[in-house]
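Enquirer: One letter stands for each residue in the lines below.
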Amino acid sequence: MPESRTLRLQRAMASFVLDADEAALEADPGRAARRHGLSGDDQRAFREQGEALRTYRELVRMSLVEPLEEMFPVLRALLESTELWDGCVQAFLDARTVRSGHYRDIAPAFLGWLAASGWGQERWPFLLELAHAELLEVLVARYPDADPPTGLHATPKPNDVIVLDPATQLVSYGHAVHRTTAAKPIPEATPTHLIAFRDAEGEARLMELTSATAALLVQARTRSLAEAAAALGIPELEPVLALLRDLHRDGAIAGFQSLENP
Amino acid sequence: MTHDRFTGVGLGLRRPHLEAVAQMEAHGVPFWETCPENVVGDGGRHHRLACAILDRDPVLTHGLTMSVGGFDAWDQDYLRDLGDFLVRTGTPWHSEHLCFTRVDATCLHELLPLPFTRESVRHTVARARDLQARLPVPLLLENITYYAELGAAEMDEADFITAVLEGADTGWLLDVNNVYVNALNFGFDPKDWLARLPLDRVAQIHIAGHKRFGELTVDTHGAEVIDPVIELMQWTLARLGRPVPVLLERDNHIPDVEVLLGERRRLQQAYNAALVNLEARHA
Chain A
2 MPESRTLRLQ
12 RAMASFVLDA
22 DEAALEADPG
32 RAARRHGLSG
42 DDQRAFREQG
52 EALRTYRELV
62 RMSLVEPLEE
72 MFPVLRALLE
82 STELWDGCVQ
92 AFLDARTVRS
102 GHYRDIAPAF
112 LGWLAASGWG
122 QERWPFLLEL
132 AHAELLEVLV
142 ARYPDADPPT
152 GLHATPKPND
162 VIVLDPATQL
172 VSYGHAVHRT
182 TAAKPIPEAT
192 PTHLIAFRDA
202 EGEARLMELT
212 SATAALLVQA
222 RTRSLAEAAA
232 ALGIPELEPV
242 LALLRDLHRD
252 GAIAGFQSLE
262 NP
Chain B
480 MTHDRFTGVG
490 LGLRRPHLEA
500 VAQMEAHGVP
510 FWETCPENVV
520 GDGGRHHRLA
530 CAILDRDPVL
540 THGLTMSVGG
550 FDAWDQDYLR
560 DLGDFLVRTG
570 TPWHSEHLCF
580 TRVDATCLHE
590 LLPLPFTRES
600 VRHTVARARD
610 LQARLPVPLL
620 LENITYYAEL
630 GAAEMDEADF
640 ITAVLEGADT
650 GWLLDVNNVY
660 VNALNFGFDP
670 KDWLARLPLD
680 RVAQIHIAGH
690 KRFGELTVDT
700 HGAEVIDPVI
710 ELMQWTLARL
720 GRPVPVLLER
730 DNHIPDVEVL
740 LGERRRLQQA
750 YNAALVNLEA
760 RHA
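Residue numbers (the working numbering), protein chains in the order written: chain A, 2 to 263; chain B, 480 to 762.
It should be emphasised that the hints constitute simulated quantities derived from the structure, not laboratory data. Some hints here could point you the wrong way.
[Unchecked claim] Some chain B residues well away from chain A (every beta-carbon gap over 12 Å; in silico):
1) D583
2) R597
3) D706
[Said to hold, decoys possible] So the derived label-pair ranges between C-beta atoms look like this:
4) B:E694 - A:P150: 54 to 62 Å
5) A:E23 - B:E737: 22 to 30 Å
6) B:E504 - A:A116: 56 to 64 Å
7) B:R745 - A:T83: 27 to 35 Å
8) A:T211 - B:Q502: 22 to 30 Å
9) B:D534 - A:E71: 28 to 36 Å
10) B:R691 - A:T211: 55 to 63 Å
11) B:F667 - A:M63: 21 to 29 Å
12) A:V219 - B:R745: 22 to 30 Å
13) B:G741 - A:A28: 24 to 32 Å
14) A:T83 - B:E694: 54 to 62 Å
15) B:R745 - A:E70: 30 to 38 Å
16) B:Q502 - A:S5: 28 to 36 Å
17) B:E737 - A:A231: 58 to 66 Å
[As the list claims (entries may be wrong)] So these bits of chain A aren't anywhere near chain B, every CB distance computed over 10 Å:
18) L19
19) A25
20) R32
21) A46
22) L65
23) V99
24) P109
25) T151
26) R180
27) E202
28) G203
29) L233
Heads up, the beta-carbon is just placed ideally off N, CA and C, and yes, glycines get one too.
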């Protein structure tokens, strides 16, 4: 079945607003219509309305780029300092990875594209970590609301496993990306462990963890606290239990579950 | 499609105002309008505030990215969640834009114009009918602002909109600011234009501000509504001869909620004045 003219016109519009070569569009606005096999009349319509079509180019790009500028200020500062921000954005637009109709998903789509493409990471090995850290609190703050896990108790015991709140994220980076600023966007290369979670008010909070605590929070989700602490060479369990009580009180941990009576 | 609960001038519910609106006991807003894309599947503090308001006050829903005139398959998961949301809010209808927003699985997050062609009418009618069959409430389609015709047109915008509304048998969310902006950009009289359209299908009206950039006027939703657009709203209400709900949209340069509530009151006065004239005419 031949492609409908309506579909080809829509594809031509998408090319017009997203394609990289602005100079070529400026010189020949009918180019996008021609590339999609549209007739001379349709090509003429594109040529004659070139300026108005460029308004759409600006509007679409504004919609897709504003969330990136807002969510990734440090990454943007770093790339603008080397005049590579626009190139990065265009590479993202070329990949056409914005699938979701939720405006809030544009920035995560950019992060996903950065991870999949590896863009810029040969030059800046920390780039993906930096972008992830910039988005981390937003991802946690807006994690979809769901019913809390059930059958948990509030006070940790040695034979318990930890159940994190569904919105909580434990992350480990090779760089201290959470300490960067737009003025100082290059992070120190040092192992960094963070926990991001929602407090009782639903606001995101970020806390730096020692490597031992981070490892415990990972391991004690599948083995008992006592076992995990022993495996990590943590001699005293009480300080660990106190920290876990605090994390439960603050909302990072949903609760604790006994391995004996799950 | 007359719903007594939904008369007067409502306000688009926006994220910067959630905190204040959730705490207001008497805001005077007869109904809010919310975009499901901004609520469905979200979480956290702002989401909880939005849900509290939507559970408390009357709500209309207005979609942004369904791409009614597009070709991408519906997102079945989202459609299911949208249906649940529409039922939860108790909205009497759900509106979408008469446009396309997606091409080959990419969402462009902009309202793009459909070709004014017979083929495009047939396609959009079929899509709108299909979407309607999947929604738990009646579907309204909204006329958009457009800055260029997509390809060589076979008809004008008025004929295109009429053909789609009548072919799909849907109600019309009439955006009077969009009519005004299009009239400025394409040089026609907005009242003559409206007189050609099936006004009996109008179930709701949108009103908003716009801004001129050089030769082009853009539907920015970023400024106060100007008097000629308010007058067009009143003219439309008089022409309709019935009190359909009007919704004030503000999406850019969003002022404090008190400022927006003040603008809403000003529009409500204009709305009331139009209705008084209407009653006098019927008396």
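Enquirer: If I take the minimum Cβ distance from A:T151 to any residue of chain B, is it greater than 10 Å?
Expert: holds, 19 Å
Enquirer: Just tell me: holds or violated, for the beta carbon distance of B:Q502 and A:S5 against 28 to 36 Å?
Expert: violated, 51 Å
Enquirer: Given the hint of 54 to 62 Å, check if A:T83 and B:E694 actually sit that far apart at their C-beta atoms.
Expert: violated, 37 Å
Enquirer: Hint says 30 to 38 Å; check whether the CB-CB distance for B:R745 and A:E70 agrees.
Expert: holds, 34 Å
Enquirer: Is the nearest Cβ of chain B still more than 10 Å from the Cβ of A:L233?
Expert: A:L233 is indeed farther than 10 Å from all Cβ atoms of chain B, at 32 Å.
Enquirer: A:P109 clear of chain B by more than 10 Å, beta carbon to beta carbon?
Expert: holds, 12 Å
Enquirer: So A:R180 supposedly isn't at the interface. Is its beta-carbon more than 10 Å from every beta-carbon in chain B?
Expert: holds, 24 Å
Enquirer: Is the Cβ of A:L65 more than 10 Å away from each Cβ in chain B?
Expert: violated, 6 Å
Enquirer: With 27 to 35 Å as the target window, see if B:R745 and A:T83 comply at their CB atoms.
Expert: The hint (27 to 35 Å, Cβ to Cβ) is violated, given that B:R745 and A:T83 are roughly 50 Å apart.
Enquirer: Does A:L19 clear chain B by more than 10 Å, comparing its Cβ with all Cβ atoms of that chain?
Expert: violated, 8 Å
Enquirer: I want to verify a distance hint. Is the separation of the beta carbons of B:R691 and A:T211 within 55 to 63 Å?
Expert: holds, 58 Å
Enquirer: Is the nearest CB of chain A more than 12 Å from the CB of B:R597?
Expert: Since the minimum Cβ distance to chain A is about 10 Å, B:R597 lies within 12 Å and the statement is violated.
Of the numbered hints given earlier, the model fails hints 1, 2, 5, 6, 7, 8, 12, 13, 14, 16, 18, 21, 22, 23, 27, 28; all others are met.
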